[in-house]
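K.L.:
Sequence:
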Amino acid sequence: MAEKLPSMPWLAWVGGGGEEGEEEKGRGAAQAQQTEKVETVQPLQTDPLGELPEEEHTHGLFYRCTQMFSDFHKTTDHEDKTTMVLGGTATSSSCKAEDCAAIADIIMGSGSSHLNKVPTIVRDIHQQLMKITYMSQEDRLKKTLQEMTVAQPHDVVVTLLRCAPSCDRAAVTMWKAIVSSSRAAEKVLPELLCVLEDWPLHSTSTSDKDDSDIFSLAATVALWEITHLPNHPEALMMYFPCFFVALLFQIFSSTAQMPVEVNTFWRRCQQEHCLPTNPNRFIVQTMKSLLCHLEYEDVVSEVEHECGWDTFLNIDNHQYAVGLLARAMLRVSQCLCYRIARYLFRLLRREEARWEVSAMAFFVELLPCLNIKEWDERILQLFPIYLRRDCREMRLLLLRCLLLLCKRPSMANTILALTESLTEVLKDKDGELVDMTLSVLSEVIRDADVSIASSIAVQLAEALLPLFENDTSHVQLLSIHLFQVLMELVEEDGKKLLEKNVRQSLFLLFRHLHDENQCVAQAFWETLLQANMFLQERKLEQLLEKTWSVDKCLVPSIVRDMYQWLTFIMDVSAEHRLDKSLQEMSLVQSHDVVVTLLRCAPSCDRAAVTMWKAIVSSSRAAEKVLPELLCVLEDWPLHSTSTSDKDDSDIFSLAATVALWEITHLPNHPEALMMYFPCFFVALLFQIFSSTAQMPVDVNTFWRRCQQEHCLPTNPNRFIVQTMKSLLCHLEYEDVVSEVEHECGWDTFLNIDNHQYAVGLLARAMLRVSQCLCYRIARYLFRLLRREEARWEVSAMAFFVELLPCLNLDKWDERILQLVPIYLRRDCREMHLLLLRCLLLLCKRPSMANSILALTESFTEVLKDQDGEVVGMTLSVLSEVIRDADVSIVSSIAVQLAEALLPLFENDTSHVQLLSIHLFQVLMELVPEEEKKLLEKNVHQSLLPLFYHMYDENQCVVQASWETLLQATKFLKKWNLEELLKTEEMWRFGECLLAEDRSRADEYLRQSVSYLHSPQKAMREAAIRLTARQGTTNNFSTSISNLATQTLHFLRAVERHPSFRFRLLQNQLRMAWRRRPSLLDNGWPSVCYSGRPHCWRSLQS
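Going letter by letter, the sequence shown gives residues 1 to 1101 in full-length UniProt numbering.
Just so you know, the hints here were simulated from the structure itself, not pulled from any lab data.
Heads up, a few of these hints could be off.
Okay, derived cross-link-like pairs now, DSSO-like style, lysine-lysine, Cα gap no bigger than 27 Å in a straight line [claimed, not checked]:
1) Lys176 to Lys143
2) Lys725 to Lys646
3) Lys932 to Lys864
4) Lys982 to Lys1017
5) Lys187 to Lys143
6) Lys864 to Lys937
7) Lys429 to Lys496
8) Lys427 to Lys500
9) Lys131 to Lys143
10) Lys187 to Lys142
11) Lys974 to Lys937
12) Lys176 to Lys131
13) Lys580 to Lys500
14) Lys187 to Lys209
15) Lys427 to Lys495
16) Lys624 to Lys646
17) Lys1017 to Lys973
18) Lys933 to Lys864
19) Lys176 to Lys187
20) Lys933 to Lys982
21) Lys613 to Lys624
22) Lys864 to Lys844
23) Lys580 to Lys624
24) Lys973 to Lys933
25) Lys932 to Lys973
26) Lys725 to Lys624
27) Lys937 to Lys973
28) Lys209 to Lys142
29) Lys864 to Lys811
Input sequences plus hints: build the corresponding full structure.
P.N.:
Here it is as structure tokens:
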């Protein structure tokens, strides 16, 4: 032990050699290297490696391993060869391929004495890798690790996880070497999975008798690193379902509980690798990494979009997140989901209490990918096991699973075999559990192929009777209906056994006949009748058959008799016998049939639904009936009509809505519904608006009755919205429903203030889905708008405006413009805004300008409106139209517009001022030369207002006024005034204007009066100066001169005596203004004042 041994690279003993050429070169160079690398090796101590420098550490490690292998191979030929090889390595710095292979043979030997050293070798390799930063012979390491792993995967995996639970750099190198071999990966991954599945610790033992526990999270970290390798092992796809499910359950376990020792371990991992604070968040990242590296990025992004990954970290919402993930995977790969489902099924058969809820939640979502013909019996084996569990979540999942399964063909009889387990669940106190159990049983028993054995019928009957007294009305209803069906479907031979239970039910049924809930009372009445028939004691056994064709007046009476009979009797064969009679009556007397049925059953009970189903099952009858139903639907809140029997009682419009709701939910809705879709759609749209705007007391009373019978929404308008959505969905327009839902548009319908916005949202959504359908709706809306239905016009116009893009304006332009004069006369702001918006769209179409300009008379009336938004939009329409290059403006239109525009120069809204001034300017430019004479008067009237607005506080108004005033001087050919404008001599412009046109001086000064009251200081001052200076001349009337002189004197006095004479001057000015009525006799405009004049308030300030 004390003799000197030559130095040798440490990797020489852990793997086979390289290529043959390299081996020969190694043999030749051995002697040369021997003298260069000889160093003294110290005798082995207790820890001979701990205190050595790196190179000496390598030599000591090699020596210790050499000695270890020699001790176990002294007596065999194989061991002799190995000893010889080891002796050779003692004199050589490199290892031959044969020698490395011999050492590998020792390590991989079949004897237990060889294999129980694998943990020690793995630890030594890890320690050495921790001390070096560069490996020149990585392939040798790979081969040795891979062969050890193939022989002893358990020892390799467990030891490596114990050595490096946080998966440091050396451990990553070793994992990379191991999984780079597909054979080794196939051995390693199941072992890693075993550790991953045990939370929080995995207990096991290796061949060296080490039985210390391993953290499950250590395997998760290792899997994280493996998924991030450049070339992840193909075996990962093979074991993907197992790893995926294990991670899923690890998320659940780590979220539900986090032991102290796991927290301590995780803090250490977090410090080393900068991992997330919470282990469960890291496990979620590992799952996402696993999915992404196996090319399931779509699943990751879809769950991310629904915020599903964050939901995993909340234990209360974990089941929801599991379902979200399962549905996302099902959409991406059914084949993969099938494999996961098989694995989950195997786990569920193990009855792993830790995992069962999450496993079942995922399994239920994956049911659609399973072939039920192969799986049905195996799946149903699970139900008796788990229904016995005292776990509410598990039971709900199982019942949900059964609800899905019982809709598959031929599954009913198989599920019915679980009656014993299901009847046990019916004893539960949880209303939701009982409710779902009854729903499952109802679905199964209603299957046409099911025959109920007497033993099953008795079991169910005994479990159902106590539920008649349940506090939940829905549970009562389900149990009563199920009991009723039991009496109908029990085998003839088993009726005797069931008779005892039926007799026990009579008192309970009778006691509830007057229940407060009308639906419950009705159900008890029907079941009592069925019980009477079952016991051969029935007294209601008559069918009113009349020949309605003899006298058409009998149709309402016959319809009522049919309805009453169906209310009391549940004879399926009789129902079918009624179909033909109802259909024939509907073809001849559709009005009487529809109206009478709506009067008999306004809330559309079971008997009414049966009759509607019978009627619309005939396409010819449906084509006759639907228009009659539409007539009732369109009249809010009541439809007044009379039938052939002289009954003229009103019908609730909502009764037709409820009937339509039921028709849309029939398995085969009538084809005629597509033909009348635009009409029903628009009628429902207007009904939403009407019911939101007003709800009469009698309608409210009626609706409360419907709500009690059918568990409908509290508000009728919310139910009408549901009916519209149902109509769209059943006619395959789900995209429209989801798009409006995404924008919260359906809820917006229920707010009268936002109704118009919701209408626009719905219209745009429909336009994106089907332009053809929108064209049909637009045609129908146009016909309604031509009727001038005041109730509907705003909603109709709102929808119509949105649908304009789908109309061919070459055919529609003139017809649309016919509506504008009609509705512009309406005193309705919303309608004006919609029409103007419509015109703004139309005027952008070619050749529409002249047609719109023909509506000038209507526009000028709208311009008198006090609403700034309406006036602004009208000016925008006129501006768009007049600027069209093809427009020619006749003088009559120009004069009309000019007269309407001049008052708008003084509008309080600057936007309206600008639009009106610009429009006036364009008018002057575009009016033909030969017709300018007619417009001169209006242009003269505009000069002084435009002049005063050049002193406006808004610079945009100033600029517009200057440009328009310049255009007006050119129009009137006043070249001197034009020159003053160009040279910006504003004050001289006013004086010259008054001096040049003496005949209009009085008119100009009258116009100036209103500007004396302007709230803008600069405009008031301009008006005062012009009035005062020109008023001192003798060219104007005496009253005007006096007013101007007094104003000038007052202003000068205020300037000289700013304070002590202020009150006296105020009184004097008031007296002067009180004498103003004498000016009215001279043609001055009448202006009403309240309080102090504007000009005086300005002076006071």
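K.L.:
All hints, please: hold or fail.
P.N.:
Evaluation of the provided hints:
1. Lys176 to Lys143: Roughly 12 Å separates the two Cα atoms, so the pair holds.
2. Lys725 to Lys646: 37 Å, violated
3. Lys932 to Lys864: Distance ~25 Å between Lys932 and Lys864 Cα, so the pair holds.
4. Lys982 to Lys1017: Given that 27 Å is the threshold and the Cα spacing comes to 25 Å, the pair holds.
5. Lys187 to Lys143: Given that 27 Å is the threshold and the Cα spacing comes to 15 Å, the pair holds.
6. Lys864 to Lys937: Cα-Cα ~20 Å, so holds.
7. Lys429 to Lys496: The given pair, whose Cα atoms are some 31 Å apart, is violated under the 27 Å limit.
8. Lys427 to Lys500: With Cα atoms ~21 Å apart, Lys427 and Lys500 stay inside 27 Å; holds.
9. Lys131 to Lys143: 21 Å, holds
10. Lys187 to Lys142: 15 Å, holds
11. Lys974 to Lys937: 14 Å, holds
12. Lys176 to Lys131: Judged against 27 Å, a Cα distance of about 18 Å means the pair holds.
13. Lys580 to Lys500: 39 Å, violated
14. Lys187 to Lys209: 21 Å, holds
15. Lys427 to Lys495: Distance ~25 Å between Lys427 and Lys495 Cα, so the pair holds.
16. Lys624 to Lys646: 21 Å, holds
17. Lys1017 to Lys973: 32 Å, violated
18. Lys933 to Lys864: 25 Å, holds
19. Lys176 to Lys187: Measuring from Cα to Cα gives roughly 14 Å; hence the hint holds.
20. Lys933 to Lys982: With a Cα-Cα distance of about 25 Å, the restraint between Lys933 and Lys982 holds, given a limit of 27 Å.
21. Lys613 to Lys624: 14 Å, holds
22. Lys864 to Lys844: Answer holds: Lys864 to Lys844 is near 25 Å, not above 27 Å.
23. Lys580 to Lys624: 15 Å, holds
24. Lys973 to Lys933: Distance of about 12 Å is within 27 Å: holds.
25. Lys932 to Lys973: 12 Å, holds
26. Lys725 to Lys624: With a Cα-Cα distance of about 24 Å, the restraint between Lys725 and Lys624 holds, given a limit of 27 Å.
27. Lys937 to Lys973: 14 Å, holds
28. Lys209 to Lys142: 26 Å, holds
29. Lys864 to Lys811: 32 Å, violated
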